[in-house]
Amino acid sequence: MELSSSLEDYLEAVHMLGLEGKKVRAGDIAAKLQVSVPSVTEALKRLAKKGLVEYERYGEITLTPEGEKRAKKVYKRHRRLTDFFRFLGVDKKTAARDACRAEHVLSDKTMEKIGEFTGEGPSGEISLLMLEPRQSGRIKRLEGGATFQEKLSRMNIREGKTIKKMAAQPFSGPVVVKVGNSRISLGRGMAMKIFVEPMRTTAQAVNKR
Amino acid sequence: MKKILLMGNPNVGKSALFSRLTGVDVAISNYPGTTVEFKKGKTRIGRETAELIDVPGTYGLKATCKAEEIASCMVKEGDLVINIVDATNLERNLYLTLQLLEENIPVVVALNFWDETKHQGINIDAERLEELLDVPVVPTVAVTGEGIKELVSRFKDARGHRRKHSDKERWARIGGIVDEAQNIAPRDHKLSERLEELTIKSLTGIPIALLVLALVFWSVMFIGEGLITYVFDPMFGLYMPVAEGLSEALGPGLAHDLLVGNLINGQIDFGQSMGLLTTGLFVPFAMVLPYIIAFYLALSILEDCGYLPRLATLVDSVMHRMGLHGLSIIPMMLGAGCNVPGVLSTRILETKRQRFIAMTMMSIAIPCMAQSAMVFALLGPYGMQGLGILFATLFIVWLGLGLVLNKVMKGITPETFMEITPYRVPYLRGLAKKLWMRIRFFLKEAIPFVLLGILFVNLLYITGVMDVVGKVMSPVVTGVLGLPEGASASLMTGFLRKDVAVGMLLPLGMNMKQLIIASVMLTMYFPCIATFVVMFKELGAKDLLKAALIMVAVSLLVGGALNLVL
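As they're listed, the protein sequences go chains A and B.
Using our numbering, the letters of the first sequence correspond one by one to residues 1 to 209.
Using our numbering, the letters of the second sequence correspond one by one to residues 1 to 566.
Incorrect hints may appear among the rest.
As the list claims (entries may be wrong) - Selected chain B positions facing chain A (Cβ under 8 angstroms, derived; list incomplete): (1) Glu-91; (2) Ser-166; (3) Asp-167.
Just so you know, these hints were derived from the structure itself, not from any lab.
Keep in mind that this is a model prediction, so the values were computed, not measured.
Cβ atoms here follow ideal geometry from the backbone N, Cα and C, with glycine treated the same way.
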């Protein structure tokens, strides 16, 4: 079942508002996408017909399991593309806007390659480069040759250790991390070869609540 | 004689302990890689004398870099290893400890920075650690000397093990040891964390870095000028009657010319007379030494508090465009004091290519403090404009040269991988000792060459060689650079000592433009003999020749261009 990009946007919006923990109503969606309430109602009707959303009492809108699956996929593409554009040095706002458009048109193949590049492995692990400043992660694996791995593990950067990203210098400068009680400055190429399972920052945890 | 090796991770206090055990003063700073060469000294253990070797820091023994390779070879020759462990970073440091134990050489462990563990909420059971490692473990504070006696008394109990382990087994064992012997009470260090963040994030870090550098420059000027006005000038005021008495007693003649020099308007002028006992003393003591003191005071504070690795991280991406690591900011800053230690410290850079680029950039565009001090005196009367043009030119050349060398030289720059050492409050006695070491180094290195330089100048004038040289060099000096013929003498003296050479510009009555060009030339055209010798040792004849050709070409190009533009 093919969906138009605007319908995909509606699905994604419902999903994102749901992530914020709110009850989703047509008005919220209209505000988020900056469209009129009647257009939202119109779109929701079509999505409901395809069995992707359900209206509940008091105008609350939820996703069906199938709808949730589709929405998650679009949202994942959105995040991955935003990360990718940010990595290229695009500012946050432009990156998010461009991701909104590109998420509907790029092939699965391309998305997969971009995912590999940004280090988003199959199990949700991302490269150190993709961590937010101040965010911590648990090291899942190191890529690269044996000498490289040994060089890192000497400094206690090894599987299972918690690593905190402190800052990333602009213009492809080094990434500063904290492991145990030591701070280390390492090049971007190295950071791209360290894969971590991100831990939620306090800010994100608060948002989630 | 027994050989004792001091080994440990970088920046754990090996040199401080070395200094404590041997009484030999060595430089101690708060960044990894302060020690780039082996230092040897003698120490007494009971009735025996042993040789103590300060091995450059290493994170492990399997050779992943040159330093580790050397360290691995050293272990086989030693009779005892003192393994210094950073107690605030036990887990990582124990990796090397286990590797050393496997070498089957007697080991004692010094748990250094013991005083800091309490502040950080780290609680280590040293006795339990000793049981678990099965070698003596002694808490120490190397800079103050705490625990050193106890450490020495335990040398006899040192032991090694034979069994080899794999990497995985080692980490597993370390995990077990740390769990049993260490207890960390989580403690929020809001203030230091905040400072850490502010200085390492580019948004706030770069303004702070500029502020720090401006503060360093300002305090060097302020302290330097203050020392001259209130200390050294009055001292030479007292010396003046002595010099005058000598001048009268000698009467005119060769001895007078050499010792007192020319009288200017019938008077001795300490800055310009060019006698061994007048200018020869005045330049190093009253014009240069004050700035040397001021500069090394500022630099030593920066080194010891631990700010430099942060600065290195902030400038890393810029430095990489010049084929260097951010860390090369440290040799550059040392070079601004004196190019000799600057050149030596390029050893912290891992490839030959980086070291060549760094040395060439430094010897061309970074004037040493002795030269800068003389330039302050020379261009000072013209206000900030003259100095501004001079230093801006040097900075542009420094930057441009780096960019070009990186483009034309084959090879790549490895990625940065550097530990950022923690902020520490400088230990005042250590700081004072280091400052004194550096001043002593200046006096020992500079005074003989200053005197030799002045003797050389006098001989050239007396024998008439200078006139000939002036004539021969005049197409370049006058034609291309627009300087008076007399400047040739200064350029020749620059091979020996740049401060004397700058001083020789004083009597020539040049205008600001000429003074700037002459100062730029003196900085760039060739290193002084002391720097030349260390560059030869570090680079070899072929690369030094390359560097020298670049120097001559660039300096003529820039000097000529300034003559046209200004």
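How the hints compare with the structure:
1. Taking 8 angstroms as the C-beta contact cut-off toward chain A, the hint placing B/Glu-91 at the interface holds, the least distance being around 6 angstroms.
2. Hint on B/Ser-166 is violated. Least Cβ distance to chain A is approximately 12 angstroms, over the 8 angstroms limit.
3. The restraint placing B/Asp-167 at the interface with chain A holds, with a minimum CB-CB distance near 7 angstroms, inside the 8 angstroms limit.
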